[in-house]
Amino acid sequence: MSLIVFAGASQFVALNLLTIGASFPEIILATAVLNLRHAMMSSAITRRLPCGLGWLEKAWIGFEITDESFSVAAMRKEESLSSAFLMGLNIVGHCTWVLGTWLGFLGASFLPQKIQESMGIAIYALFIGLLVPGVRKNRQALAVALSAMALSALFKWTPLFASMNVSLKIMCATGFAALLGAWFFPLPVRERNAS
Amino acid sequence: MTRIMLLSVCMMLVTAPSRILPLFFLGDKKLPPFVESLLHYIPFAVLGALIFSDVLSATDDVRASLCGAVAAAMLGWFGQGPLVVLAGGILGAFAASCL
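Protein chains in written order, with this note's numbering: chain A, 1 to 195; chain B, 196 to 294.
I should point out that these hints are in silico values taken from the structure, not numbers from a laboratory. Only true hints are included.
Heads up, simulated EDC-like pairs for lysine to aspartate or glutamate below, C-alpha to C-alpha not over 20 Å straight-line:
1) A:LYS156 - B:ASP255
2) A:LYS169 - B:ASP249
3) A:LYS156 - B:ASP249
4) A:LYS156 - B:ASP256
With the rest of the complex left out, here is chain B (with noise of 0.2 Å):
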């Protein structure tokens, strides 16, 4: 037990600091145009190199996890908030998952 937490610690210590000290280092500083529409298209970035390719094996089978993510992408097209999107899409991988 001492030794997982002796790892829980140093796991802390080197994943801290990469989030950390972006925070501090730009802070409220002046960027140039390039460097601050950078960082304005990250998220977006972010969450489609997260959502493709790996939610086709989000589940067994790859038809479910596509029938869930289409379901989830349509809902939110249509202006649903997360949390519907998030319901809608366990139950499309999972209708699919039935047939």
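This is chain A alone, in the form it adopts within the complex (with noise of 0.2 Å):
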């Protein structure tokens, strides 16, 4: 599954669904939900590859995008992104959660108890590290992260929102915010450089 399917929200979904018994359309509708902000990721990163990349690269890299890998790309400070370091970031990438979902597997329960808690915090602090240096100098991209910040709390502790599906919630909260951001702050007009 960590081969072929490479989406880690969506494979312990499934993985919670299947154990409790759910059917397999309801999992497969659950993994398209939660990977429909994946279309937006995608659509972000377009703007930065450079142009003329055959379809096979194109759909290589559009299957191997993630959050971590996204984060990891989107946060470069070049304005195109070349096709070799994306495949190298993917690569690695994937290797390293095939890898790790078989060490997982195997039981990594050799750390302690406090250390594994503590690990929890690791994605987070991942996207930390590669969102604020982004934003420390760039007052535009800041408003916009803390408003999908506000927004995202905002869906997540409204009560009317309760019923609304994790992955939509993180879609909404990025949509207006980046909407907010395009409004207030829209980039000046320039020429896209060719290739």
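Fit the two chains together into the complex; they arrive one by one in their own frames, and the hints show the way.
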């Protein structure tokens, strides 16, 4: 599953649903909704790719988009991302993901309980490590990131949105925050560099 | 086992298109400035939404999570690379959970 689906959250959800005996269509639907946010990421990354990639390269880059690989790639300072860089990032990311799944399967309980619990923060620390340097000197981006946080907290803690799916909440928070950014701080119009 | 394999393949079929298709549709086209700005801000917005407020429930203890997050944010602010921030976040949460 790690090899071909390559979507952490969906894999956990599928596992959960399997153990409570949900039907296949239910699991597949949950997976589809959970992964819609990647469509937004993939749209954003597209603008940073060099022109004229072959269809196989495009398909591969798209297939490998995850929260993590997207974050690492999108926070790079370069305007245009080389496809070699993305390939490297994706292959390393995918291999470690599969390897990590195996380690977890074999029982990675060799770490003390306290440390295991503290590891839960690792993914967020990584996101923070990627986001903070990006917004430190960029007021507009900081405002967008903060409003996304506020919106996501709002969706989480307002009873009205309690029935909303987690991924949908993230999508909405992202979408609205990016809309605010585009509305209040439009980018200067510029020519996109060819190739 | 074959059931799981079948499920995995179906899951791939629904996850892959949503990631792949935008690359083909948006590809090298010129977009209106508003859409261009929108796409520019998406990475920051995604990270913001992914971090908060889920970071608070990242460990069993809200205070530990908060300490880890603050430690990570400060390290990032002062120009440390992602790996240092990562280690700092885990250590921060660990230290707070030991108190």
